[in-house]
Amino acid sequence: MMYIVGIVALARKFRSVSIKFVRLFTLIGALHLLFTFLYYYLTLDNVADAIGYYRRVIYLYDSWNETFGQGTTFIYFTLYPLVKFFGLSYFGAYFIYSFLGLLGFYYLLNVLINITDKNWSNWFYILLLPNAHYWTVGIGKDSLMFFGISFLVYLYFFRKKWFLYIFPLLLVAFIRLHTLFFILTAFGATQILLNKKIKISTKILVFVFLGGILFMLFPFLMARVGFVDTESILSQFEDLAGQKIEGGSSIYMGDKTLIVKWLSYMFRPLFYDVFNILSLIVSFENALWLIFFFKIFKNLRKKIQLKYQEVYWFTFSAVFFITIPAAYLLYNLGIAVRQKTMIIPFLFILVFLSIFRLKKNI
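So for the sequence shown, my numbering puts the first residue at 479; every next one is plus one.
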């Protein structure tokens, strides 16, 4: 009941814009709630991360201090007080993480509404694509990462005060430090690239220098992306969980080239990979993203309105800085499907900027 109250409260915040956005967010909330029940049900009979997190907090940890750490350990840290202090069941804890995922959609919708100058468009219905909701409702990294990145993008887009960035930055850092590194790298590269006061020769030298640093840090970053850290035994079961929930999406990618891996990471499974109803749904969504990306690249030569150029190139860079290292180590499409939730906020913004903020639309 409290979850539904939360949906209504967030939806009502859009009344000052348009009743259409109130209805849209209500639909988003209803879909998110539906996937919360679905994902919860599927994890009951599964080697899934979510139920593993809950059981370990129940049986392995005697104090909150023991759970503090980075990576998977941080999920225990966020879950421990919900279970041990507030006495939430597995079902109850699920709704906390699900609501944080919903908050991510709330912040993201605010950004997209501003991009369209608060005008309604049927393009807003892409926020109802199921995959982003499916992976942002459960206990685990994906829900928190989606919330953290969406909140960061919201703060950046509306130029909020600096101290507000502390919480989402720390949240992303404690969950996936390498992802924060790639986001900050994308931000830094954008600032240098768009700064007209810096000579082109200086920009080239800076990028060469940054490239050298990235090259030296590459082994460490690859270790982080490849889960070669203290993430506990749960990481060993992640492949199996992904296969079962996604319907066996365990297509081996280890021997492919980087470009093939990246395209597969971004847009597969497609229709020729389908073997059950869930993979069919994902393939439809990936086909749409393929079309969206074609539109983004098609409009690259066209000028984005000056006010939005920084946001555009930051989100564009972030997508590639995050996905290329992940694609480099891609060996199982099942994992790629869930990891893409990290870039969903950037992708939505790119699509809307490419449609609504070209200079010809002034």
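Please keep in mind that the hints were generated in silico from the structure rather than gathered at the bench. Positions of the beta carbon are idealized from the N, C-alpha and C atoms, including for glycine. Take the hints with a grain of salt, since some may be wrong.
[Said to hold, decoys possible] Label pairs and their calculated CB-CB ranges:
| no. | residue 1 | residue 2 | range |
| --- | --- | --- | --- |
| 1 | Glu544 | Ile678 | 49 to 55 angstroms |
| 2 | Ile678 | Leu522 | 57 to 63 angstroms |
| 3 | Lys773 | Leu672 | 43 to 49 angstroms |
| 4 | Ser567 | Leu672 | 27 to 33 angstroms |
| 5 | Leu522 | Met694 | 27 to 33 angstroms |
| 6 | Phe749 | Phe798 | 22 to 28 angstroms |
| 7 | Glu544 | Leu741 | 16 to 22 angstroms |
| 8 | Arg493 | Phe569 | 30 to 36 angstroms |
| 9 | Gln548 | Ala508 | 31 to 37 angstroms |
[To be verified] For lysine to any residue, the following SDA-like pairs were computed, each having C-alpha atoms within a straight-line distance of at most 20 angstroms:
| no. | residue 1 | residue 2 |
| --- | --- | --- |
| 10 | Lys562 | Tyr585 |
| 11 | Lys785 | Arg637 |
| 12 | Lys638 | Gly666 |
| 13 | Lys638 | His656 |
| 14 | Lys596 | Tyr634 |
| 15 | Lys773 | Asp751 |
| 16 | Lys491 | Lys562 |
| 17 | Lys781 | Leu672 |
| 18 | Lys639 | Lys681 |
| 19 | Lys674 | Tyr786 |
| 20 | Lys491 | Leu505 |
| 21 | Lys781 | Asp595 |
| 22 | Lys681 | Thr668 |
| 23 | Lys785 | Leu658 |
Going through the hints against the structure:
1. At about 53 angstroms, the beta-carbon gap between Glu544 and Ile678 stays in the expected band of 49 to 55 angstroms.
2. In this structure, Ile678 and Leu522 meet the distance hint of 57 to 63 angstroms, their C-beta atoms being roughly 58 angstroms apart.
3. Between Lys773 and Leu672 the Cβ separation comes to about 23 angstroms, which falls outside the hinted range of 43 to 49 angstroms.
4. The hinted range of 27 to 33 angstroms is not satisfied by Ser567 and Leu672, whose Cβ atoms lie roughly 50 angstroms apart.
5. In this structure the hint that Leu522 and Met694 lie 27 to 33 angstroms apart at CB is violated, the actual value being about 46 angstroms.
6. At roughly 26 angstroms, the beta-carbon separation of Phe749 and Phe798 lies within the given 22 to 28 angstroms, and the hint holds.
7. A C-beta distance of roughly 42 angstroms is found between Glu544 and Leu741, which places it outside the suggested range of 16 to 22 angstroms.
8. Checked against the given bound of 30 to 36 angstroms, the beta carbons of Arg493 and Phe569, roughly 32 angstroms apart, stay inside it.
9. Between Gln548 and Ala508 the beta carbon distance is about 35 angstroms. The supplied range of 31 to 37 angstroms therefore holds.
10. Of the pairs offered as hints, the one joining Lys562 and Tyr585 is violated, with about 30 angstroms between alpha carbons and a cut-off of 20 angstroms exceeded.
11. Taking the CA atoms of Lys785 and Arg637, the gap is near 12 angstroms; set against the 20 angstroms cutoff, the hint holds.
12. Between Lys638 and Gly666 the CA atoms are separated by roughly 18 angstroms; this keeps the pair inside 20 angstroms, and the hint holds.
13. For the suggested pair Lys638 and His656, the alpha carbons sit about 24 angstroms apart, so the restraint of at most 20 angstroms is broken.
14. Proximity of Lys596 to Tyr634 is assessed by CA-CA distance (about 18 angstroms); at most 20 angstroms being required, the pair is judged to hold.
15. The hinted pair formed by Lys773 and Asp751 fails the criterion: a straight-line CA distance of about 24 angstroms is larger than 20 angstroms.
16. At roughly 33 angstroms between alpha-carbon atoms, Lys491 and Lys562 are farther apart than 20 angstroms, so this suggested pair is violated.
17. Restraint check for Lys781 and Leu672: satisfied, since their Cα atoms lie roughly 13 angstroms apart, inside the 20 angstroms limit.
18. A C-alpha spacing of about 28 angstroms is found between Lys639 and Lys681, which places the hinted pair above 20 angstroms, so the restraint is violated.
19. Proposed proximity of Lys674 and Tyr786 is supported: the alpha carbons are some 16 angstroms apart, at most 20 angstroms.
20. For a cut-off of 20 angstroms, the pair hint linking Lys491 to Leu505 stands: about 14 angstroms separates their Cα positions.
21. Of the pairs offered as hints, the one joining Lys781 and Asp595 holds, with about 18 angstroms between alpha carbons and a cut-off of 20 angstroms not exceeded.
22. Distance check on the hinted pair: Lys681 and Thr668 sit about 11 angstroms apart at the alpha-carbon level, within 20 angstroms; holds.
23. Our distance criterion of 20 angstroms between C-alpha atoms is broken by Lys785 and Leu658, whose separation comes to about 25 angstroms.
Violated hints, in rising order: 3, 4, 5, 7, 10, 13, 15, 16, 18, 23; the structure is consistent with all others.
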